[in-house]
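2 protein chains.
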Amino acid sequence: MGLAIALLTIGNELLSGDRQDTHTQRIANFLTPRGYRLQSSVSVPDDENLIAEALTYLGEKNHVVVVTGGLGGTSDDLTARAAAKAFRRRLSLNEEALSQVRDRLRSMGREPQAYHEKMALFPQKAGPLGNPAGVAPGFQIRWQETEFLFFPGVPAELEAMLLGALLPRLQTLHPGEPIEERRLQIFGLPESQVEQKLEGADLPSEVEVGFRVHHPFVAVKLTARGGDAMYQADLAEAEALKALGDRVYGRGDARLQQVVADLLLGHELTLALAESCTGGMIASQLTDIPGASAFLDRSGVVYANRAKRSWLGVPDDILRSPGAVSKECAQAMAVGIRRTAQTDLGLAVTGIAGPGGGTTRKPVGTVFLSLATPDGVRTKEYQFKGDREKVRAMSVATGLDWIRRYVLSRQCDL
Amino acid sequence: MGLAIALLTIGNELLSGDRQDTHTQRIANFLTPRGYRLQSSVSVPDDENLIAEALTYLGEKNHVVVVTGGLGGTSDDLTARAAAKAFRRRLSLNEEALSQVRDRLRSMGREPQAYHEKMALFPQKAGPLGNPAGVAPGFQIRWQETEFLFFPGVPAELEAMLLGALLPRLQTLHPGEPIEERRLQIFGLPESQVEQKLEGADLPSEVEVGFRVHHPFVAVKLTARGGDAMYQADLAEAEALKALGDRVYGRGDARLQQVVADLLLGHELTLALAESCTGGMIASQLTDIPGASAFLDRSGVVYANRAKRSWLGVPDDILRSPGAVSKECAQAMAVGIRRTAQTDLGLAVTGIAGPGGGTTRKPVGTVFLSLATPDGVRTKEYQFKGDREKVRAMSVATGLDWIRRYVLSRQCDL
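Residue numbers (numbering that gives the first Met the number 0), protein chains in the order written: chain A, 0 to 413; chain B, 0 to 413.
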């Protein structure tokens, strides 16, 4: 069954509601793909007794206990003191740790001060672990049958020590179980349908299938363990790709805007946008990507009808009836922005994001998309569900997905 | 010292890294302002033994243990079984819980099925708590000196039961310590300077001061406890406002875009934007606000020089030299968008967000802002620090803050 590993995170802010604990997920995401599993995670405030109690409890139940936070030179850094109490050992100045602190300070051009000594006060028989990204060193202690590893709570310092100190220690205790993960990013299918399609697919039964919704996207995680994990994971991924088809927009951590940017750059296509209900969100997502200026010419965020007229050339007739939220208007916007900007593609969105503005014939969630290309114009009406934020997010993702599908289909035609 | 309260959250996904635990912060944020404090929070996977062990441990150390997750009709819902094991009681069908399940299902127009019975299998002597927002009822158990409350893990169901079941139970055990919180939202001062200014201010010494950075903003939280909490909190807030002046853009959960939208609506001012390096982010933040069409006329996201020329009328001379990232260009963009859109205000941003595009004279982070108003144009150069995301976020917030300050100064002049 491998090692029983537990985590203890320390900090008042974790229990007061002021801060979300992110260390548990960070450390779990470090351990899981390396074949180790967290068995429990405990958070306590900066309180010597509560820290000591938690250390004793976790020590009784686990082979390894990882502790983060509360190292350092200030008075609310109580971890070393609590550990001394839990393990009934005296605190004493650790000479090796002290020289680690002094070396780090000097390498940063700083002078060691008296209060830095506190950073080297460890329970007896502790082994200092240094700190490649900060000053206060971590340390390790063996107590009864359990290995305790104490790390700083600052995320960058912790990250550096997971790789440099935790992993080597775990590997000497027990080799991680081989594990392979594959992730697929999906747009355009609700979670239930993704699940259904994968149930109908021929996935190896040993492969664990997990789902995660990050609206409006769904991610599938395929996890294989054991000696042939690589082979099983590859097989599962191939079957899942077959079952989900072009709803999969990317693998791993792929983001839709990055996929779209890469496609436009790879095909040397330029794009201009005309956004009404998305209010600049499509442009702002695409310009997240460094180098977006190579494919994005401009976006007209056209709330006022005057703007639709003068910037996009939408005819007054259309704006009067059927109005700014209509198939006709979306099409005129897409054609207009493409003509004005002289780009290969013109994408337009107009709709009613809510909460106000809906009517019986055009309820909140009514959104028209239009894509003008060298091959013609395509325009479609959608009814998106949910609040303003969800309607806008669906509109943005659908627009980006249209571009992705257009460029891919063009590729196939060639 | 009040009640010792602990939380146990249950779910494989919390320990595998697939999901961030959000319940701890949610429940802490529910308890803290009501005068209760969480003493520890534990997460374990869907494993009967690990759940039972955690229940026993937390029961020994706390007056109240809140448990979330693992209630329901499927095979990985193990909480009731684990509780029976921990408390050495048999599982039996709770008739009251069963009729709660049946009533809920009927009120939703659904027929009770055989598997729904599992939802009413509780350890003996458990008291069912219903579930106003779902089907599987929560329950409570007294074991030795400790009160255990079991709630569903679905956020909406949990929320409903915190107010309906947890709070009344806590209040009968111990009245919450009176507590008053005040929060101030700040832009334009780094955390260290906010701290310095408050150290120099005349805040009541009993009031706890906390800081939280949510880049590019800083929030200050003032917490007063005890009989005169309200008075102390008001006093502290007044002093903090005096010390921080107009760097405070709002109170409580105020968001800068909402503050700006309210000011524009309140003063019946219209706005148009010309965005280059922010790529539509200012528009998309302002159009988060329902009803933004009443003040936002349009935003031109003008990446290409052609767009700056044709939409904003930026002269070719300027685009050639000093170029698109210059004080002159920013000013021409602001004046141009204000003239084109015929709005009261025109805000323009142009800069180098990075990582590429920097030069010795205009390094990454160089951003020019310009605001054209009926009272004239103001343009300024900034050097923002950090990566692309940070430079863009600082540019957006600075732009919004300029509008806020302009409208406020106008108000004072009247």
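Since the hints were derived computationally from the structure, they do not count as laboratory data.
Some clues are possibly wrong.
Just so you know, same-sequence chains aren't split out, so a pair can sit in one copy or run between any two.
Once the Cα atoms are required to be at most 35 Å apart in a straight line, the calculated DSBU-like pairs of lysine-lysine come out as [said to hold, decoys possible]: (1) Lys84 - Lys379; (2) Lys84 - Lys124; (3) Lys361 - Lys60; (4) Lys124 - Lys60.
We went through each hint and held it up to the structure:
| no. | hint | verdict |
| --- | --- | --- |
| 1 | Lys84 - Lys379 | neither (68 Å within a copy, 57 Å between copies) |
| 2 | Lys84 - Lys124 | within (14 Å within a copy, 39 Å between copies) |
| 3 | Lys361 - Lys60 | neither (60 Å within a copy, 58 Å between copies) |
| 4 | Lys124 - Lys60 | both (22 Å within a copy, 29 Å between copies) |
Against the hints set out earlier in the document, violations occur for numbers 1, 3.
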